[in-house]
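Using the sequences and the hints given, assemble the complete structure.
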Amino acid sequence: MLARLCEAVLDGNLPEDPMAREAALQAQMVRLEAFAAGLPAATRGELGQLLGLLALPPGRRWLAGVAPDWAEASVVQVQEGLQDMRLSSLAVRRQAYHALRDMINGTYFSDPAQWPALGYPGPADL
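Residue numbers 1 to 126, in the numbering used here, belong to the letters of the sequence shown in order.
Hint data in this document are derived by calculation from the structure and do not stem from the laboratory. Just so you know, even glycine gets a beta-carbon here, dropped at the ideal spot from N, CA and C. Please note that a few of the clues may not be correct.
[As the list claims (entries may be wrong)] Pairwise CB distance ranges, derived in the manner of DEER restraints:
#: 1; residue 1: L90; residue 2: A55; range: 11 to 21 Å
#: 2; residue 1: A117; residue 2: P57; range: 30 to 40 Å
#: 3; residue 1: S88; residue 2: D125; range: 42 to 52 Å
#: 4; residue 1: E22; residue 2: L90; range: 26 to 36 Å
#: 5; residue 1: E22; residue 2: A55; range: 18 to 28 Å
#: 6; residue 1: P123; residue 2: E72; range: 39 to 49 Å
#: 7; residue 1: L90; residue 2: D125; range: 40 to 50 Å
#: 8; residue 1: W115; residue 2: A34; range: 13 to 23 Å
#: 9; residue 1: P112; residue 2: L90; range: 36 to 46 Å
Below is the structure:
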């Protein structure tokens with residue numbers, strides 16, 4: 001589920017080569033795990049609830065608007081579901097979208113190997 005969400009959010013930033021793409025997604029899973037481990041217990045609990053809801057078919061359909069199982073959903077289907085979340089009239093869906101997007105982007109672009117794509121030269125020497 002998280003890898004599919006990462007593919008959708010990071011589309012255009014991940015390597016095109018299938019092996020390099022898979023390696024980048026695996027590294028992203030490690031960064032996400034480290035990120036979650038560093039959260040306060042209450043926040044970790046809320047993130048666990050969100051991911052648990054998304055893992056279940058009814059939650060995936062209601063919250064993310066993705067009908068197929070995560071493994072069968074295309075990047076476009078997941079992106080459309082995320083867009084629906086972003087524009088939803090329900091605050092909980094919008095909040096979930098922003099949490100997922102921020103968590104995925106923040107952890108991916110925290111990797112110094114990704115900084116050149118942003119035009120960021122790295123921290124200034126002091």
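Problem - Unmet hints by their number, sorted upward, for this structure - result: none
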